[in-house]
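Heads up: the protein sequence lines correspond to chains G and X, in order. For reference, each letter of the first sequence is one residue, going 1 to 113 in this note's numbering. For reference, each letter of the second sequence is one residue, going 114 to 982 in this note's numbering.
Honestly, the hints are just simulated from the structure, not real lab data. We put the CB at the ideal spot given by N, CA and C, even for glycine. Treat the hints with care, since some could be wrong.
Here's a subset of chain G near chain X, in silico, CB distances under 7 Å, partners left out [unchecked claim]: (1) G51; (2) Y54; (3) R89.
When the alpha-carbon atoms are kept at most 27 Å apart in a straight line, the in silico DSSO-like pairs for lysine-lysine are as follows [unchecked claim]: (4) G:K83 - X:K684; (5) G:K96 - X:K115; (6) X:K425 - X:K684; (7) X:K803 - X:K684.
Read off the chains here:
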Amino acid sequence: MGLIRSAEPDFLPGTLEMLILQTLSRGTNHGYGIAQHIQQISQDALKIGEGSLYPALQRLLLNDYVVAEWGLSENNRRARFYKITAAGRKQLAQEKRNFDALLAGIARVLETP
Amino acid sequence: MKLWKRIRNLLNRRAFDRDLQEEMRIHREMAEEKLHHLGTPKEEARFAAMRAFGNATLAQEASRAEWTFFLESLVQDISIGVRMLRKSPGFTAVAILTLALGIGANTAMFSVINAVLLRPLPYENPQEIVVLRDNESLPNVMDIQKQASAFALGGAINAQPMDYTSGPEPLQIRVGLVNSGFFEILGVPPLMGRIFSEAEDVRGGPRLAVISYPFWQGYLGGDSRAIGRPILVGGNSYTVIGVLPETFVAPRERADVFLSLWVADPNTAADRDVHFLHTYWRLKKNVTLEQAQADVATIHSALAEQFPAEEKERRMRLLPLRESVVGNVRLALLVLFGAVGLVLLIACANFASLLIARGFARRQEMLIRAALGAGHGRLLRKLLTESTLLSFCGGAAGLLFAQWGTRMLLALKPRELSWLNGAHLDSRVLLFVLVVSVLTGIIFGIAPALLAARTDVAAALNEGGRSKTAGVAGHRIRKIMVTAEVAFALVLLVGAGLFIKGFSRLRSVNPGFNPSGVLTVYLQLPATRYREIPKQTQFRRELLARLNSLPGVQTGMITDIPLGGNYVGHKLVIAGRPPVPKGDEPLVQTLTVMGDYFRVMRIPLRAGRDFSEMDREGQPLVAMVNEELARQFFSRDNPVGSRIAWAPDIGLPQWMTIVGVVGDVKHSGLNQPTDPAVYTPFVQSDEPWKRFMTLALRTDNSSSDLVGQVKAQVWSVDRQIPVSDVQTMDQRMAVSLAQQRFYMLLLGAFAALALTLAAVGIYGLVAYTASQSTHEIGIRMALGGQPRDVLRWILAEGAKLAFFGILIGIGGAFALTRVMAGLLFEVQPSDPAIFFGVAILLALVALAACYIPARRATRVDPIVALRYE
Numbered sequence: 001m002g003l004i005r006s007a008e009p010d011f012l013p014g015t016l017e018m019l020i021l022q023t024l025s026r027g028t029n030h031g032y033g034i035a036q037h038i039q040q041i042s043q044d045a046l047k048i049g050e051g052s053l054y055p056a057l058q059r060l061l062l063n064d065y066v067v068a069e070w071g072l073s074e075n076n077r078r079a080r081f082y083k084i085t086a087a088g089r090k091q092l093a094q095e096k097r098n099f100d101a102l103l104a105g106i107a108r109v110l111e112t113p
Numbered sequence: 114m115k116l117w118k119r120i121r122n123l124l125n126r127r128a129f130d131r132d133l134q135e136e137m138r139i140h141r142e143m144a145e146e147k148l149h150h151l152g153t154p155k156e157e158a159r160f161a162a163m164r165a166f167g168n169a170t171l172a173q174e175a176s177r178a179e180w181t182f183f184l185e186s187l188v189q190d191i192s193i194g195v196r197m198l199r200k201s202p203g204f205t206a207v208a209i210l211t212l213a214l215g216i217g218a219n220t221a222m223f224s225v226i227n228a229v230l231l232r233p234l235p236y237e238n239p240q241e242i243v244v245l246r247d248n249e250s251l252p253n254v255m256d257i258q259k260q261a262s263a264f265a266l267g268g269a270i271n272a273q274p275m276d277y278t279s280g281p282e283p284l285q286i287r288v289g290l291v292n293s294g295f296f297e298i299l300g301v302p303p304l305m306g307r308i309f310s311e312a313e314d315v316r317g318g319p320r321l322a323v324i325s326y327p328f329w330q331g332y333l334g335g336d337s338r339a340i341g342r343p344i345l346v347g348g349n350s351y352t353v354i355g356v357l358p359e360t361f362v363a364p365r366e367r368a369d370v371f372l373s374l375w376v377a378d379p380n381t382a383a384d385r386d387v388h389f390l391h392t393y394w395r396l397k398k399n400v401t402l403e404q405a406q407a408d409v410a411t412i413h414s415a416l417a418e419q420f421p422a423e424e425k426e427r428r429m430r431l432l433p434l435r436e437s438v439v440g441n442v443r444l445a446l447l448v449l450f451g452a453v454g455l456v457l458l459i460a461c462a463n464f465a466s467l468l469i470a471r472g473f474a475r476r477q478e479m480l481i482r483a484a485l486g487a488g489h490g491r492l493l494r495k496l497l498t499e500s501t502l503l504s505f506c507g508g509a510a511g512l513l514f515a516q517w518g519t520r521m522l523l524a525l526k527p528r529e530l531s532w533l534n535g536a537h538l539d540s541r542v543l544l545f546v547l548v549v550s551v552l553t554g555i556i557f558g559i560a561p562a563l564l565a566a567r568t569d570v571a572a573a574l575n576e577g578g579r580s581k582t583a584g585v586a587g588h589r590i591r592k593i594m595v596t597a598e599v600a601f602a603l604v605l606l607v608g609a610g611l612f613i614k615g616f617s618r619l620r621s622v623n624p625g626f627n628p629s630g631v632l633t634v635y636l637q638l639p640a641t642r643y644r645e646i647p648k649q650t651q652f653r654r655e656l657l658a659r660l661n662s663l664p665g666v667q668t669g670m671i672t673d674i675p676l677g678g679n680y681v682g683h684k685l686v687i688a689g690r691p692p693v694p695k696g697d698e699p700l701v702q703t704l705t706v707m708g709d710y711f712r713v714m715r716i717p718l719r720a721g722r723d724f725s726e727m728d729r730e731g732q733p734l735v736a737m738v739n740e741e742l743a744r745q746f747f748s749r750d751n752p753v754g755s756r757i758a759w760a761p762d763i764g765l766p767q768w769m770t771i772v773g774v775v776g777d778v779k780h781s782g783l784n785q786p787t788d789p790a791v792y793t794p795f796v797q798s799d800e801p802w803k804r805f806m807t808l809a810l811r812t813d814n815s816s817s818d819l820v821g822q823v824k825a826q827v828w829s830v831d832r833q834i835p836v837s838d839v840q841t842m843d844q845r846m847a848v849s850l851a852q853q854r855f856y857m858l859l860l861g862a863f864a865a866l867a868l869t870l871a872a873v874g875i876y877g878l879v880a881y882t883a884s885q886s887t888h889e890i891g892i893r894m895a896l897g898g899q900p901r902d903v904l905r906w907i908l909a910e911g912a913k914l915a916f917f918g919i920l921i922g923i924g925g926a927f928a929l930t931r932v933m934a935g936l937l938f939e940v941q942p943s944d945p946a947i948f949f950g951v952a953i954l955l956a957l958v959a960l961a962a963c964y965i966p967a968r969r970a971t972r973v974d975p976i977v978a979l980r981y982e
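Please put together the full structure from these sequences, using the hints given.
Written out as structure tokens, the structure reads:
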């Protein structure tokens, strides 16, 4: 995925939200945890900067795709946990479909000599 | 929903910031811990985590930005705007005052338009109600109702004065004689009790009365047991069965008590020839006015065939209810509204001009803002917020002016505009103010804002702040604005001038009588006791004798006094002329007189003689005619001695001999043509329904209480006769001038306002030019220029604008005043004297407005001027 080198503005619009939702679909997590998860799974290909992570989380909150709640982390630290909502799951599915279609389209263009 | 969440967020902004800050701090700590865990020293781990996190403030700003919305930045702009405006109170006051005058005048005028033309009439589905333009007789109404398929129902009313004798003093009240359909058409349910039923609305039906709310309150004390109470009206006792709601007003009639026409006056009700009813018709669903018109026309042509004497000459034309209620006032109101719109445009031009000047003065501020990174759009928005803020304040202040203006309009209104009473501030008027204010702020703020926000930082810095170029475009726009102001002001002044000229023409119209020192009083004999003519004559003789015995009093009486708004028409036949087909005879004004009427009114006798004591019952019938009748029907012959008669329904004409010719009288209004008229003596009348009369009394003794004496004399003859409608003839003259006077005053006020605003606009521009040219003036003076040259040079600038403005204005006025033609009395809309006079007046005012600042500029000390920056 050479197109998305980092989590900074190069991201296609909406992609970061999709990745966050995907992460949260596996279970609730806090901001740091989300960033770490995406970085690990992408084997350091995607580094999410906080400058994009938190605004993206606000957008998700505003759209009711996630809800936030203060809680305790695995090692008993206070943290703000984000949980995906039903609307968020629906949105995720939709975005995945769109993204697949987009990738397929790009691939076709690139594969045509 | 999102908006709601945003607003909630806005209200909990502090908690939001705290949460976000803490969340980010924890994020950093977690990263730091992980690094430490992987073996990085604690201190290093902390910095690494901070570096990795990046600009926390920016992240927080960006996160917060997700939640903000337009309202928030708007509030910010407004609070900054208020601060800016408070810092320059002079500018703010002038701008707000200018707009307040313009918006206030418009709002007052709009509330009148709203009341008269826009607000739905207070009846059920008023758009379905139509009106027959001409008055109808009840048999016609009943025939149309029976035969027309276009209408569900017809309502008819005639409002007339009658006496009310249940009170301590006999009083004249207004009685609406109606059919049972009248209230049903209007769809007004009674407040209490009920309305007449169809079964009760017949000859010989029960004597029942429906009363108005004001009558109930004023005469019956608002008694809740008023239903069932008897009241004496016109000498008969009627039982009150219903009270109408407070809000009820008949469309065109004023009445306190409503009676069934069939019950109260069965003979007139049955007479097809007495066309005295206003009629209202409700169209059936999906029937258009045109279909109904065709329907009525068919019915009328059948009626004309069946009753040629009564119907042949007549037409039946339907009008929408609104048109009949508003009548010719619509054009006048629209002209006035157009005029006041021009005033607003002038005010707006001044406003924009002020904004441009201010924008130029603030270019330093704009440069700094632009240099600090404010975008073009942001600056534009800020400036527009300020101008809209100003126009808003102007609108609010304008509302106060409008309140006051509306009250003044109501105080001045002529009788014809009684619907104006409904003029007050309602939601529609408030919406009007809001829309006008906002549009003014945006439309007239945009050009100044674009100019001010057009900041080329680099170029401006290079010019060292001495920029003149930035002001050039603004100055050109201001010149255009001022030219337009002058043009608009000229149009308004021409309009006002035309009205003033028309009014003075109208005032100098000879009414045909001398009104000064004449008192008029209306009397009506009740049908119960004065059914027969001899009884009426006896009353009249007795009363005239008593009144004439008062010292210095000369008395006459007439059926309908000039300028009173009424007359009776009869069809004329002339002896010895070839016969005219039945129904085609000419209609003439018919007036019945007694006593010294012509001498009291100072109506000159042109030929023959006046009526005398000898022209009495049993003697040969006599008549007098006016000059107009002599001119129309006798051309150059002397009509004295000729015989005329009313076209008879059946049998032979009752010939009357013309004994005299009197001068023409403006009977129907000073601006109306004189109709041919026939005067006959009361004593020879064969029309017992003429039980009404207006006394005309001339006295040389103005100190005595003539009204009290007249009342005493009337009541000494008959205690039960009300004395009403007491007015001097001068008052009647004033009333007949009132409508023209009203239009003239309003248009004059608007024109004065326009002239003032335009003068202020010219003054502002020239003063500004002069102050901008101080440097140049200094050079001229230093090089030996005389103050006179400087004066001429600056005056020329203003004079050029005024000249072009006047030129354009004359063109505009030629095009626009044409619409006023129908409102002007004997004045051409293109009256050259008015155009010329107004142009001179405007030129003088413009020159004066230029002279003051120009004069000031010449007093500049060259040394000071050269240093001036």
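Taking the hints in turn, this is what the structure says about them:
1. Nearest Cβ of chain X to the Cβ of G51 of chain G: about 5 Å, under the 7 Å cut. The hint holds.
2. Residue-level restraint check for Y54 of chain G holds (minimum Cβ-Cβ distance to chain X is 4 Å; threshold 7 Å).
3. For R89 of chain G, the interface hint is violated, the least distance from its beta-carbon to any beta-carbon of chain X being 19 Å, above 7 Å.
4. With a C-alpha separation of about 97 Å, the suggested pair K83 of chain G and K684 of chain X falls outside the 27 Å cut-off, and the hint is violated.
5. Our distance criterion of 27 Å between C-alpha atoms is met by K96 of chain G and K115 of chain X, whose separation comes to about 24 Å.
6. Between the alpha carbons of K425 of chain X and K684 of chain X the distance comes to roughly 12 Å, so the proposed pair stays at or under 27 Å and holds.
7. With a CA separation close to 17 Å, the supplied pair K803 of chain X and K684 of chain X stays within the 27 Å bound.
Hints 3, 4 from the list above are not met by this structure, while the remaining hints are.
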